[in-house]
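S.K.: Based on the sequences and whatever the hints tell you, model everything.
2 protein chains.
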Amino acid sequence: MKKASLKDIAQQAGVSTALVSYVLNGKEKETRVGEVIAQKIRQIAKELNYQPNHLAKSLRSGKTYTIGLIIADISNPFFANIARVVEDEAKKNGYTVIIGSCDEHAEKSWDLLNVLINRQVDGFIIVSCEGSENQVHYLKERNIPFVLLDRHFPEIQTDFVATNNYKASYDAGVHLIQSGYSKIGIMAYKSNMYHMEERVRGYKHALRDNHIEFHDSWLKEVHFETMDSEVRTAIDEILASEQRVDAMIFATYGLAINALKYINELRLKVPSDLAIVSYGQAEVFDLYYCPITYVQQPLEMLGKTAVEFLLTKLKNPEESMKQILMEAKLIARESSKAKPALTG
Amino acid sequence: MKKASLKDIAQQAGVSTALVSYVLNGKEKETRVGEVIAQKIRQIAKELNYQPNHLAKSLRSGKTYTIGLIIADISNPFFANIARVVEDEAKKNGYTVIIGSCDEHAEKSWDLLNVLINRQVDGFIIVSCEGSENQVHYLKERNIPFVLLDRHFPEIQTDFVATNNYKASYDAGVHLIQSGYSKIGIMAYKSNMYHMEERVRGYKHALRDNHIEFHDSWLKEVHFETMDSEVRTAIDEILASEQRVDAMIFATYGLAINALKYINELRLKVPSDLAIVSYGQAEVFDLYYCPITYVQQPLEMLGKTAVEFLLTKLKNPEESMKQILMEAKLIARESSKAKPALTG
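These protein sequences, in sequence, are chains A and B. Numbering-wise (my numbering), the first sequence opens with residue 23 and increments by one. Numbering-wise (my numbering), the second sequence opens with residue 23 and increments by one.
You may find that some hints are simply not true.
Chain copies aren't distinguished; within one or between two, either way the pair holds.
Stated by the list, open to error - Calculated lysine-lysine pairs in the PhoX-like style (CA-CA distance at most 20 Å, straight line):
(1) Lys212 <-> Lys361
(2) Lys114 <-> Lys130
(3) Lys162 <-> Lys68
(4) Lys335 <-> Lys29
(5) Lys130 <-> Lys326
(6) Lys130 <-> Lys113
(7) Lys226 <-> Lys351
(8) Lys326 <-> Lys337
Bear in mind the hints are in silico, worked out from the structure with no lab data behind them.
M.R.: As structure tokens, this is what we get:
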């Protein structure tokens, strides 16, 4: 990439590089550069389409007004939409957002972190992936400002903005029970990420508190990478088991989509054959023949608050730690409507 | 951001900074540094968690192995998915992708371009937005390598990888006509972007070549920003007109989603009340009660080829210009199935 340099301008104007620098940085008054020569320098800079090197500039000011946003999976509409919120909010505050997606790979997330640190972002907003705890420690040790978004590590003290997933799953379970379902399964990712564990824990406690015995066969954990095939097997198993479920909670949008496709193939009717509650929010839940009940995560607020926390921290690095768990809202629709009372 | 420097390592090892630099850059052989001292330096670098400054390195090598990807709208699943393809392909080739989304605003796209140029990406892949021609000229003038993806400006000579939108719409029109529909409308964005104009032109020519007179009331152009409300009005108008359509083509995914929601509200049945063909591809088209016929853009190939073109160019800046229009494929399903023959 060849750009016009201060030197190019200096040569063409027949003055020193220092003089060009003074003028283009608006310091001609201080150094008493004549207006004629200042004009000439500005004119040549314009002709050569000179672009000030923001990087050099920001190394002096210590600010680049750029935020690095690392998301776990760009092809998941939840993250794509939250990225949009973060961008809008950052822009309102004069910041530009650079995005990297790690596709749930800790190694890729390391790459992105390094690439963006070396590109001098002021701070990070991160949707962490599994196995990336060391990256969080790394940022902490180096005092690089960051806020974890949507997912966090409870054993590491950091700023974070996330959803109360325990409560959301608990509410989903209670809702299904109150709608008359008593054999309730859950499908989640096989993961030791806290948010995923909480989604399962909340579900289990909803059963427990309503005196429904949990059966191991009701919990299906599938791998993110091979979800397409594993979801089908899991559905087959959960329907074939002695404790056949009459309702299911899907802990992520991706799981629900895969399951719905298969449920359609099996010609199962929602909710009469199987009631459904899902995490995530997407048009498909609205447009499905039987609108899907879903856990509405506070996407807008999550994104905005993450930006707010980060900017506060950038202004004042001594700011105290901020952690917030926001409440999700269950949007009840046809897919979990009350079961007709049994007769006979 | 405080990082361990070469100097820190040199001090601790009791050697010169130059020596540390040789070792960490793998040049100890050339300079005959003893293996014991090289080991020691590497060990200290590890303990101090030294991160090579890729930026400084790349300023020397002239390569950062980073690609800037600017997409028009991250919340559109087509672009989110194509971003995923670009990332995967880039990673296979040792490149990291930094993403920016301009949300269809040329001004924001300028910001992103500048931010990323100043962050020394090797080149760009860009999904252009309306009014960004000057940015393309800017990149050309500066010999910054780039490839336009999915959208291009026919009046500017650039590398590009896009879909043959004219042909795709033509095929969609012919398909509907062959399925027995004769009053076919189209909804598109009000835009002078070439890809959008081509989608309308192909549709018109399909009518013309099949001796169907086009009516102005069949073309509905809505603004991206206010699409939610405009789509409803447009549907109302197109259904109320004297030339009420029996089929519609939606030129984008977003338009189709909004329209389907309203069509459901109106309790119109697809395809008997209104047949549908849409651009874009998304789970919702599969899971809708009446699977939607869609124009399958070659997303995977588009993304991969864009990376390939860019990398070729990075290796050899003198490489000749590469332009490709790929064919879309019409995936015919229930939403456009053959109309029952009229009786009586």
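S.K.: Taking the numbered hints from earlier one at a time, note which ones the structure violates and give those numbers from smallest to largest.
M.R.: 1 and 4
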